[in-house]
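Which chain is which? The protein sequence lines are A and B, in order. Numbered per my numbering, the first sequence spans residues 31 to 328. Numbered per my numbering, the second sequence spans residues -11 to 101.
Read the hints as simulated data drawn from the structure, not as lab findings. Nothing here was measured: the structure is a model prediction, and the numbers come from that model. A virtual CB, placed ideally from N, CA and C, is assigned to each residue, including glycine. A few of these clues could be false.
To be verified - Cβ-to-Cβ under 8 Å is the rule here; a few derived chain A residues that face chain B: (1) 106; (2) 114; (3) 122; (4) 214; (5) 284; (6) 286; (7) 287.
Said to hold, decoys possible - For the chain B half of the interface with chain A, some residues (derived, Cβ under 10 Å), not all of them: (8) -7; (9) 16; (10) 65.
Stated by the list, open to error - Each pair of labels, with its calculated beta carbon distance range: (11) A:176 to B:71: 42 to 48 Å; (12) B:78 to A:47: 50 to 56 Å; (13) A:180 to B:78: 48 to 54 Å; (14) B:71 to A:318: 34 to 40 Å.
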Amino acid sequence: MCAECGCGLGGEVTIGGKPGSQVASPLIGAAAGAGAGEAPEGAGIESGAAHDHDHDSPHDPSHPHPATPHEAPAQAVHEVAVHQAILARNDRLAERNRGYFRAKGLLALNVLSSPGSGKTTLIRKTAELLGGRLRVGVIVGDLATDNDAARLREANVPVVQITTGTVCHLEAEMVARATSQLDVDALDVLIIENVGNLVCPALYDLGEDLRVVLLSVTEGEDKPLKYPPLFHSAHVALVTKSDLSTAAGFERDRALANLRRISHHARVFEVSARTGDGMEAWCEYLAGQHRMRSPNAG
Amino acid sequence: MHEVGIIQNTLELAERSARASGATRIHRLRLRVGRMTGVVQEALEFAFEVAREGTMASEAVLEVETVPVSCWCARCGAEFVAEDWVGVCPRCGEVSGELRRGQELELASLEIS
């Protein structure tokens, strides 16, 4: 269906190997199945059943009405204003996630980049370096395979794999369900590794505290200019694989200038997960962000 | 690209709104899409052609209003359109990180009967 990445062709979301709709979460209403169509809460217009009290209205609800719309006189074509956000349901679920993460004292990161920028390696190294200070759990999103989760599990990081089938981004509902598979009370930081893609995930809030975008030195200095929506939304930009900078002919100044032009609000770190260069500053920053959000932490 | 999912959400929202107004047909959907969303109009239209089948909007027209990216310049006290996404004020050259418009993704109105 979508020539770019195949998104929307069907295929099933799985969470930790199980069909996503069967993974219950306290963050998703019991009645809500996987069906995206239900949107039971908050939409405001579909409620109205079982409502029998009186309002200050001269209109007596007990008088006879035409029973169905078919019997009603046909309406003329007319315009109605709607003005509703199309992704309102995702936004609502994301806010619910955010509230839950706050209540649990979790610092939640949404990590985004193109495929192969080093998300998994960076997350693994980050979890190792924070070990002893902060406990890290990970939710990993991919179109298919459990490989990224397996790499993290090797490093003893609690991890849940979401496979999205053909969906090119994670959505708040998937994260809500996946969260139920982690022992969140035993965690301080939740790192959500999004599907490798610099376009689609930009629109989908997951309830994260910080949006972290990676730019590896092998990708070219102008990535931020090519994908402005995602880079613009970043709270943190990480220049990764800095150990390959010379080999790749990476023009550091130009890349940083491009980042500053698009990612106005982002804190920039240059790191190499392989050599550990710059990783200490990044981890210090995360520890500070976690402290800021949970007054009880040391 | 995620246009298929966006259209599905749009149709759900549209059908709910139309039903709430007692309508049985949707004739036209007007969307407002900010350029910053990265949503591609052609992809939206293509997705709509397929997804509208079997809905109240099966013969409806999709109308997309593209909203340009605009930023606020604190020095000039005015908005400017950021054509190339980069928030440099064309009047004074100040860099602005304050996005005012361009992130819209909304169902603005419907024509129903």
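Comparing the hints with the structure gives:
no., hint, in the structure
1, 106, "holds, 6 Å"
2, 114, "holds, 5 Å"
3, 122, "violated, 12 Å"
4, 214, "violated, 27 Å"
5, 284, "violated, 14 Å"
6, 286, "violated, 14 Å"
7, 287, "violated, 11 Å"
8, -7, "holds, 6 Å"
9, 16, "holds, 8 Å"
10, 65, "violated, 19 Å"
11, A:176 to B:71: 42 to 48 Å, "holds, 44 Å"
12, B:78 to A:47: 50 to 56 Å, "holds, 54 Å"
13, A:180 to B:78: 48 to 54 Å, "holds, 51 Å"
14, B:71 to A:318: 34 to 40 Å, "holds, 37 Å"
Comparing the model with each numbered hint stated earlier shows that hints 3, 4, 5, 6, 7, 10 do not hold.
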